[in-house]
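K.L.:
In case you want the letters, here they are:
Protein chains: 2
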Amino acid sequence: MSTQKPTRTEISSLGEFGLIDRFAKHFESKNPSTLKGISDDAAVFRFSESGPATVVSTDLLVEGIHFDLMYHPMRHLGYKAVVVNLSDIYAMNAVPRQITFSMALSSKVSVEAVDELMEGVKAACEEYKVDLIGGDTTSSLRGVVLSVTAIGEAMPEKIVYRDGAKVGDLVCITGNLGAAYLGLQILEREKQLYLSNPDIQPVLDEATTLVGAQLKPEARKDIVAALARVELVPTSMIDISDGLASELYHICKQSGVGALIEESGVPIHPDAQLKALDFKLDPITCALSGGEDYELLFTINPKDVDKVKYLPDIYIAGEIVPKEDGLKLNTKGGNLHEIPAQGWKHFKP
Amino acid sequence: MSTQKPTRTEISSLGEFGLIDRFAKHFESKNPSTLKGISDDAAVFRFSESGPATVVSTDLLVEGIHFDLMYHPMRHLGYKAVVVNLSDIYAMNAVPRQITFSMALSSKVSVEAVDELMEGVKAACEEYKVDLIGGDTTSSLRGVVLSVTAIGEAMPEKIVYRDGAKVGDLVCITGNLGAAYLGLQILEREKQLYLSNPDIQPVLDEATTLVGAQLKPEARKDIVAALARVELVPTSMIDISDGLASELYHICKQSGVGALIEESGVPIHPDAQLKALDFKLDPITCALSGGEDYELLFTINPKDVDKVKYLPDIYIAGEIVPKEDGLKLNTKGGNLHEIPAQGWKHFKP
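Chains as they are written, first to last, in my numbering: chain A, 1 to 349; chain B, 1 to 349.
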């Protein structure tokens with residue numbers, strides 16, 4: 001009820017990372033049990049003097065921003081909400097053990113819809129062997145909001161941060177990029193068609209893989225298990241949630257290095273490759289800026305190259321270079337392009 | 001895009017606790033590191049074989065449901081969002097160490113408003129000596145949503161759950177109830193006056209304590225510290241967030257007991273006592289059903305009564321009785337009244 005009109009700066013002028021950077025510097029950790037605060041995929045703390053540390057990550061998923069209930073089945077949404085958080089735990093080279101799951105629900109949502117949502121949560125808990133140990137349930141005036149906190153464990157010396165990449169390290173990417181982004185394009189196209197004529201039934205069968213990658217992604221627990229098996233601890237790691245470019249930017253900024261990526265080394269999903277042409281999109285752009293792949297991006301010391309060579313689904317896509325050399329992509333045509341620091345653009349106007 | 005119309009049950013027909021009960025039974029904990037799952041103020045886990053366990057609690061705060069930005073200053077809101085979560089950690093007889101803080105913000109919210117919010121978060125972190133270690137920041141289509149996860153530590157044998165109350169135990173209440181509820185009534189009254197005539201300035205000075213209790217509550221870290229000092233571990237404990245009646249109901253239900261409360265033993269805030277008359281409300285009703293006091297309700301073995309007798313701000317308000325005797329209030333007039341199981345009514349129509 002104040003009448004004074006203060007200066008007003010739009011959040012969109014800062015973007016998400018600008019906003020976080022703005023206040024993160026005011027929050028220095030003071031408790032000795034805090035091993036890592038804001039700035040990585042997950043935070044790390046340990047209350048005992050020895051044994052595993054705890055890794056914790058949290059995400060807020062908002063209807064209309066992160067998901068569209070018009071085409072996202074509640075069951076898949078519950079599954080995805082859990083998986084994207086577990087992905088952050090794996091990105092620390094840790095193993096998730098528990099989650100909390102909170103939801104704000106509008107009166108539009110029925111008990112049956114919540115049952116579906118929770119079935120998805122349960123399926124994810126079973127698949128990844130994590131326990132749902134808490135949460136909060138409330139109403140909302142409009143829209144569904146989900147908040148998930150994932151908790152995992154790892155010995156402190158095995159935890160991998162974003163800031164450990166060194167010049168000469170090899171850049172590794174798991175799996176296939178671009179599928180989730182193309183899946184989203186397909187769903188959005190079918191939604192527009194449906195809105196213009198509700199009698200038209202969506203044609204999604206020919207794109208099950210891409211649509212599935214968007215609606216029900218998986219986290220790379222197999223990769224973290226494989227790294228442990230060959231006793232390889234990456235020098236840095238991050239999960240690819242906002243697109244390869246954005247994640248590379250985080251690794252390079254926090255490690256104080258640059259990177260040279262070979263376009264031919266970036267694993268793009270074959271279906272995404274094809275579908276990109278349909279949408280008149282460049283496949284490499286989809287991989288760089290698409291996001292929601294939930295694959296892992298990590299760097300390794302070159303002496304460890306033999307350890308990853310025979311692991312399935314890990315691709316060496318480039319190397320870490322001095323900071324002055326920036327972030328560059330060597331295209332298939334042999335041109336060197338600057339990789340733009342693409343952030344997550346939810347706040348952009 | 002499904003055309004099938006499934007059965008539809010309104011969430012309001014179940015209520016919050018009904019909804020949680022509905023799915024909680026499907027989520028049994030399987031990891032040996034999970035010591036306590038859904039059903040208490042906080043969950044408990046431990047990754048090491050000895051040393052402290054970790055206690056974790058999470059809350060979702062939704063604009064228009066939990067707070068009204070018309071009268072809730074952003075700074076106080078940030079403070080309160082943290083404190084109400086820390087209160088859950090104290091309610092386990094644990095000490096909070098870390099929090100994560102996530103926010104979904106609409107375009108209505110300016111960077112300056114977020115600065116204020118985060119100043120409140122920082123003030124709470126400093127007051128309670130906890131580190132902000134992570135969170136998430138996103139946009140929302142409408143309204144502000146905050147999600148806080150609080151993390152604390154305690155030796156497993158010191159953790160107090162809701163299910164340990166025994167017949168004959170004494171029921172203890174800290175501090176003064178009803179203040180936050182009366183504060184809310186005052187704020188709502190001034191809001192209505194302001195909406196009907198924006199030239200009227202709110203008169204809040206005469207009610208600073210009550211309004212303050214609503215807008216900027218504190219958690220009882222002093223009580224948990226005092227209990228540790230006298231080496232008293234309560235048999236059960238819960239924080240009073242939804243009103244004394246609701247919390248008593250949880251303790252009794254989970255402990256399989258009843259309770260007999262003396263109206264004369266329930267500590268009601270003197271200002272709330274007076275202000276209740278203004279609003280033609282019964283002070284004991286405000287204490288039983290008001291909520292947001294963030295005081296502690298706990299039970300102790302009668303052999304420990306000397307330990308609490310000389311601690312400040314702890315009131316013995318009744319005793320635990322057999323389940324068959326139910327939850328009863330012995331009024332000042334000498335009548336025995338059933339205490340209704342008042343839940344949190346956000347989902348009620």
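Some hints could be false.
With a Cα cut of at most 25 Å, we get these calculated SDA-like pairs of lysine to any residue [claimed, not checked]:
| # | chain 1 | residue 1 | chain 2 | residue 2 |
| --- | --- | --- | --- | --- |
| 1 | B | 323 | B | 338 |
| 2 | B | 122 | A | 9 |
| 3 | B | 122 | A | 18 |
| 4 | A | 191 | A | 221 |
| 5 | B | 323 | B | 302 |
| 6 | A | 108 | B | 65 |
| 7 | B | 303 | B | 292 |
| 8 | A | 191 | B | 129 |
| 9 | B | 253 | B | 341 |
| 10 | B | 253 | B | 164 |
| 11 | A | 129 | B | 30 |
| 12 | B | 108 | A | 7 |
| 13 | A | 221 | A | 156 |
| 14 | A | 191 | A | 129 |
| 15 | A | 30 | B | 308 |
| 16 | B | 129 | A | 34 |
| 17 | B | 166 | B | 23 |
| 18 | B | 221 | B | 75 |
| 19 | A | 122 | B | 35 |
| 20 | B | 25 | A | 18 |
| 21 | B | 323 | B | 18 |
| 22 | B | 303 | B | 228 |
| 23 | B | 280 | B | 185 |
| 24 | B | 328 | B | 226 |
| 25 | A | 253 | A | 142 |
| 26 | B | 30 | A | 50 |
| 27 | B | 122 | A | 10 |
| 28 | A | 129 | B | 164 |
| 29 | A | 108 | B | 30 |
| 30 | A | 122 | B | 166 |
| 31 | B | 280 | B | 166 |
| 32 | A | 122 | B | 26 |
Bear in mind the hints are in silico, worked out from the structure with no lab data behind them.
K.L.:
Against this structure, judge whether each hint is valid.
P.N.:
Each hint, compared with the structure:
1. Proximity of residue 323 (chain B) to residue 338 (chain B) is assessed by CA-CA distance (about 13 Å); at most 25 Å being required, the pair is judged to hold.
2. Of the pairs offered as hints, the one joining residue 122 (chain B) and residue 9 (chain A) holds, with about 21 Å between alpha carbons and a cut-off of 25 Å not exceeded.
3. For a cut-off of 25 Å, the pair hint linking residue 122 (chain B) to residue 18 (chain A) stands: about 18 Å separates their Cα positions.
4. Proposed proximity of residue 191 (chain A) and residue 221 (chain A) is contradicted: the alpha carbons are some 32 Å apart, above 25 Å.
5. The hinted pair formed by residue 323 (chain B) and residue 302 (chain B) meets the criterion: a straight-line CA distance of about 18 Å does not exceed 25 Å.
6. Note on residue 108 (chain A) and residue 65 (chain B): the hinted pairing holds, with a Cα-Cα distance of about 16 Å set against a maximum of 25 Å.
7. Restraint check: the Cα-Cα separation between residue 303 (chain B) and residue 292 (chain B) comes to about 31 Å, which exceeds 25 Å; the hinted pair is violated.
8. Distance hint between residue 191 (chain A) and residue 129 (chain B) is unfulfilled; the C-alpha atoms sit about 49 Å from each other, more than 25 Å.
9. Straight-line distance between C-alpha atoms of residue 253 (chain B) and residue 341 (chain B) comes to about 10 Å, which keeps the hinted pair within the 25 Å bound.
10. For the proposed pair residue 253 (chain B) and residue 164 (chain B), the alpha carbon gap of about 11 Å is at most 25 Å, so the pair holds.
11. Distance hint between residue 129 (chain A) and residue 30 (chain B) is fulfilled; the C-alpha atoms sit about 8 Å from each other, no more than 25 Å.
12. As the CA atoms of residue 108 (chain B) and residue 7 (chain A) are separated by approximately 13 Å, the hinted pair is consistent with the 25 Å bound.
13. Distance hint between residue 221 (chain A) and residue 156 (chain A) is fulfilled; the C-alpha atoms sit about 18 Å from each other, no more than 25 Å.
14. For a cut-off of 25 Å, the pair hint linking residue 191 (chain A) to residue 129 (chain A) is broken: about 34 Å separates their Cα positions.
15. With a C-alpha separation of about 32 Å, the suggested pair residue 30 (chain A) and residue 308 (chain B) falls outside the 25 Å cut-off, and the hint is violated.
16. Note on residue 129 (chain B) and residue 34 (chain A): the hinted pairing holds, with a Cα-Cα distance of about 12 Å set against a maximum of 25 Å.
17. The hinted pair formed by residue 166 (chain B) and residue 23 (chain B) fails the criterion: a straight-line CA distance of about 28 Å is larger than 25 Å.
18. For the given pair, residue 221 (chain B) sits about 21 Å from residue 75 (chain B) by alpha-carbon distance, which is consistent with the 25 Å threshold.
19. A C-alpha spacing of about 19 Å is found between residue 122 (chain A) and residue 35 (chain B), which places the hinted pair at or below 25 Å, so the restraint holds.
20. The straight-line distance between the Cα atoms of residue 25 (chain B) and residue 18 (chain A) is roughly 42 Å, outside the 25 Å bound, and the hint therefore fails.
21. Between residue 323 (chain B) and residue 18 (chain B) the alpha-carbon distance is near 21 Å, which keeps this suggested pair within the 25 Å criterion.
22. The suggested pairing of residue 303 (chain B) with residue 228 (chain B) holds, with an alpha-carbon distance near 17 Å, which does not exceed 25 Å.
23. Taken as a hint, the residue 280 (chain B) and residue 185 (chain B) pair is honoured in the structure, with Cα atoms around 11 Å apart against an allowance of 25 Å.
24. A distance of roughly 29 Å separates the Cα atoms of residue 328 (chain B) and residue 226 (chain B); the hinted pair therefore is violated under the 25 Å criterion.
25. Note on residue 253 (chain A) and residue 142 (chain A): the hinted pairing is violated, with a Cα-Cα distance of about 38 Å set against a maximum of 25 Å.
26. Under the criterion of a C-alpha separation no larger than 25 Å, the hint pairing residue 30 (chain B) with residue 50 (chain A) is consistent with the structure, at around 24 Å.
27. Of the pairs offered as hints, the one joining residue 122 (chain B) and residue 10 (chain A) holds, with about 22 Å between alpha carbons and a cut-off of 25 Å not exceeded.
28. About 29 Å separates the Cα atoms of residue 129 (chain A) and residue 164 (chain B), which puts this hinted pair outside 25 Å; it is violated.
29. The hinted pair formed by residue 108 (chain A) and residue 30 (chain B) fails the criterion: a straight-line CA distance of about 33 Å is larger than 25 Å.
30. Distance restraint check for residue 122 (chain A) and residue 166 (chain B): the Cα-Cα separation of roughly 34 Å exceeds the 25 Å cut-off, and the hinted pair is therefore not satisfied.
31. Of the supplied pair hints, the one linking residue 280 (chain B) and residue 166 (chain B) is violated, its CA atoms being roughly 37 Å apart against a limit of 25 Å.
32. Our distance criterion of 25 Å between C-alpha atoms is met by residue 122 (chain A) and residue 26 (chain B), whose separation comes to about 8 Å.
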